[in-house]
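Q: Each chain, written out:
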Amino acid sequence: MSVQTADAVSVNGNGHAPLDTKSLLEKIAALEARVEALEESPAQDIEDRLAMVVFSGDLDKAIASLIIATGAAAMGMEVSMFYTFWGLSVVKKKKSYDQKNILEKGFTAMLPAGTGGLGLSQMNFFGAGAKIIRKLMNDHEVASVEELFEMAQELGVRMVVCEMSRELLGVHDDELIDGLELGGVATFLGDAGSAKAALFI
Amino acid sequence: MSVQTADAVSVNGNGHAPLDTKSLLEKIAALEARVEALEESPAQDIEDRLAMVVFSGDLDKAIASLIIATGAAAMGMEVSMFYTFWGLSVVKKKKSYDQKNILEKGFTAMLPAGTGGLGLSQMNFFGAGAKIIRKLMNDHEVASVEELFEMAQELGVRMVVCEMSRELLGVHDDELIDGLELGGVATFLGDAGSAKAALFI
Amino acid sequence: MSVQTADAVSVNGNGHAPLDTKSLLEKIAALEARVEALEESPAQDIEDRLAMVVFSGDLDKAIASLIIATGAAAMGMEVSMFYTFWGLSVVKKKKSYDQKNILEKGFTAMLPAGTGGLGLSQMNFFGAGAKIIRKLMNDHEVASVEELFEMAQELGVRMVVCEMSRELLGVHDDELIDGLELGGVATFLGDAGSAKAALFI
Numbered sequence: 001m002s003v004q005t006a007d008a009v010s011v012n013g014n015g016h017a018p019l020d021t022k023s024l025l026e027k028i029a030a031l032e033a034r035v036e037a038l039e040e041s042p043a044q045d046i047e048d049r050l051a052m053v054v055f056s057g058d059l060d061k062a063i064a065s066l067i068i069a070t071g072a073a074a075m076g077m078e079v080s081m082f083y084t085f086w087g088l089s090v091v092k093k094k095k096s097y098d099q100k101n102i103l104e105k106g107f108t109a110m111l112p113a114g115t116g117g118l119g120l121s122q123m124n125f126f127g128a129g130a131k132i133i134r135k136l137m138n139d140h141e142v143a144s145v146e147e148l149f150e151m152a153q154e155l156g157v158r159m160v161v162c163e164m165s166r167e168l169l170g171v172h173d174d175e176l177i178d179g180l181e182l183g184g185v186a187t188f189l190g191d192a193g194s195a196k197a198a199l200f201i
Numbered sequence: 001m002s003v004q005t006a007d008a009v010s011v012n013g014n015g016h017a018p019l020d021t022k023s024l025l026e027k028i029a030a031l032e033a034r035v036e037a038l039e040e041s042p043a044q045d046i047e048d049r050l051a052m053v054v055f056s057g058d059l060d061k062a063i064a065s066l067i068i069a070t071g072a073a074a075m076g077m078e079v080s081m082f083y084t085f086w087g088l089s090v091v092k093k094k095k096s097y098d099q100k101n102i103l104e105k106g107f108t109a110m111l112p113a114g115t116g117g118l119g120l121s122q123m124n125f126f127g128a129g130a131k132i133i134r135k136l137m138n139d140h141e142v143a144s145v146e147e148l149f150e151m152a153q154e155l156g157v158r159m160v161v162c163e164m165s166r167e168l169l170g171v172h173d174d175e176l177i178d179g180l181e182l183g184g185v186a187t188f189l190g191d192a193g194s195a196k197a198a199l200f201i
Numbered sequence: 001m002s003v004q005t006a007d008a009v010s011v012n013g014n015g016h017a018p019l020d021t022k023s024l025l026e027k028i029a030a031l032e033a034r035v036e037a038l039e040e041s042p043a044q045d046i047e048d049r050l051a052m053v054v055f056s057g058d059l060d061k062a063i064a065s066l067i068i069a070t071g072a073a074a075m076g077m078e079v080s081m082f083y084t085f086w087g088l089s090v091v092k093k094k095k096s097y098d099q100k101n102i103l104e105k106g107f108t109a110m111l112p113a114g115t116g117g118l119g120l121s122q123m124n125f126f127g128a129g130a131k132i133i134r135k136l137m138n139d140h141e142v143a144s145v146e147e148l149f150e151m152a153q154e155l156g157v158r159m160v161v162c163e164m165s166r167e168l169l170g171v172h173d174d175e176l177i178d179g180l181e182l183g184g185v186a187t188f189l190g191d192a193g194s195a196k197a198a199l200f201i
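Protein chains in written order, with the working numbering: chain A, 1 to 201; chain B, 1 to 201; chain C, 1 to 201.
Next up, chain A with everything else stripped away, as it sits in the complex:
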């Protein structure tokens, strides 16, 4: 057997002496250490996921974020949307003035409730631009922003509302679209840290 082993080693080019088990085990142990380092590297946190902060309350940016979200979900990616600051307007379904202080009532009056009241980031012209974009999307058979939002929810897109923004702007739970989670910056960072891409919109 030692001769056979020696043959085997000699083919590997390093002479006739048999390679001892110790050397084999050392090679394997070295590999194990390298594989463990790879397994523990930050890259292994990455999943097939896309995370978005929707900070803006503009109709055009809401549409862009939802087209990206539904596209990604349709391609099989996990998608997380984190609605914060003005983005809360996108996920409001109605306005409520009950049990709000004067500042909260002011914000409620001035901020749109739901996608119907959103304007454009450019060329809005007091709402005319937003109406034109809506008409164009309809003419070209692109799903409306409300349809896109529903599609996103149906495709399992995780919809998170920033708890702190909700409190600052005095938005009550009954003003929000159904099926939303409440979360904080840690929620977003958890998803962004395991995402292939994170966008701030």
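Be a bit skeptical, because a hint or two may be false.
Which copy? The list can't say, so a pair holds if one copy fits it or any two copies do.
Derived lysine-lysine pairs resembling DSBU-like cross-links, with alpha carbons at most 30 Å apart [said to hold, decoys possible]: (1) K105 <-> K93; (2) K100 <-> K135; (3) K95 <-> K105; (4) K100 <-> K27; (5) K105 <-> K94; (6) K93 <-> K131; (7) K93 <-> K22; (8) K131 <-> K27; (9) K94 <-> K131; (10) K135 <-> K93.
These aren't lab readings, by the way, just hints derived from the structure by calculation.
Just so we're clear, the structure is a prediction, and the values are computed from it rather than from any experiment.
Position chains B and C against the provided structure of chain A, taking the given hints into account.
A: The following block gives chains B and C in isolation, referenced to the frame of chain A:
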């Protein structure tokens, strides 16, 4: 033999008893499975790539996106730019009114064609701000936005125009800069999913 | 010998015939090559890091960026902020008009120096909106933007000022907050390329 194996393992193979082949093969097979899991992890989709959505039609953001793009390309990264919504103004070279309906003619009239007509996101003052930024860049020998765009193309930056935005805004092919690709959200997501970083500008 | 090897391999070490050393070494070498490919893949550049470009000079976006930064730093992530263009207003502590040309003096006069002068991206109403947000944050015991900035610095967030923007806008060193680095697009790309997520704000 089982005793010998135990000995061999206990001394990490530096005794004289041979470790049995079965144990060695099992160790190697376990490592192979772990390496395969690493090879199939989402992290392995990542390339040395940067992907950007240019949603904005503002001159300052166009400049920022192109400085980042040319910088990344010069550092050897693959770079993809995806021009969508108002970002189409950055990649238009002229205006054409032929065979457009009234809405498309309106957008053509009101949106800038090419970087010469772009304004600033802040401090624009009906174009004065944009002129000042251009003068400052010239005074400081920073490449102009047109030069940056050409540099980006020469450095092999992938320039993709959002097909849907092009249709919605009624932009015709002859209005676009040469050398652009047409693509959809899947094109962007393909590149963003394999990018080290993705930016929404 | 070939029969023995075939036996050994076919039964994966559970027969009595010894597998030859050559086969074991080949298996290990193949694994080593795969592990090396993994170690050299772009994914291994990724660290537990978040990188942000702060392009905007809006108070609300400055707040959002700092809440994300301090949250990430508190969770143990490395965080880098790259202040460019209008974002320089966030990291200015005062205005200085000495040794500036007329354009630089103009920018100095018109751009805010420090967070006290920042407006909102929406609903600013010549500063009233910004005051309301500040009051709301105070009422809800959320740290102010100045406190958030200090917290970020104390948590070790890397704060980089874009050298080129500083020159273009004629911002002098004595106008900047203490403890900032100067850097270029390569500085940002270095951090973004090793970050789990990069955001353009």
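Q: Hint by hint, note whether the structure agrees.
A: Hint by hint, here is what the structure shows:
no.	hint	result
1	K105 <-> K93	within (16 Å within a copy, 34 Å between copies)
2	K100 <-> K135	between (36 Å within a copy, 16 Å between copies)
3	K95 <-> K105	within (10 Å within a copy, 37 Å between copies)
4	K100 <-> K27	neither (69 Å within a copy, 66 Å between copies)
5	K105 <-> K94	within (13 Å within a copy, 36 Å between copies)
6	K93 <-> K131	both (19 Å within a copy, 27 Å between copies)
7	K93 <-> K22	neither (69 Å within a copy, 65 Å between copies)
8	K131 <-> K27	neither (68 Å within a copy, 65 Å between copies)
9	K94 <-> K131	both (20 Å within a copy, 26 Å between copies)
10	K135 <-> K93	both (21 Å within a copy, 26 Å between copies)
Of the numbered hints given earlier, the model fails hints 4, 7 and 8; all others are met.
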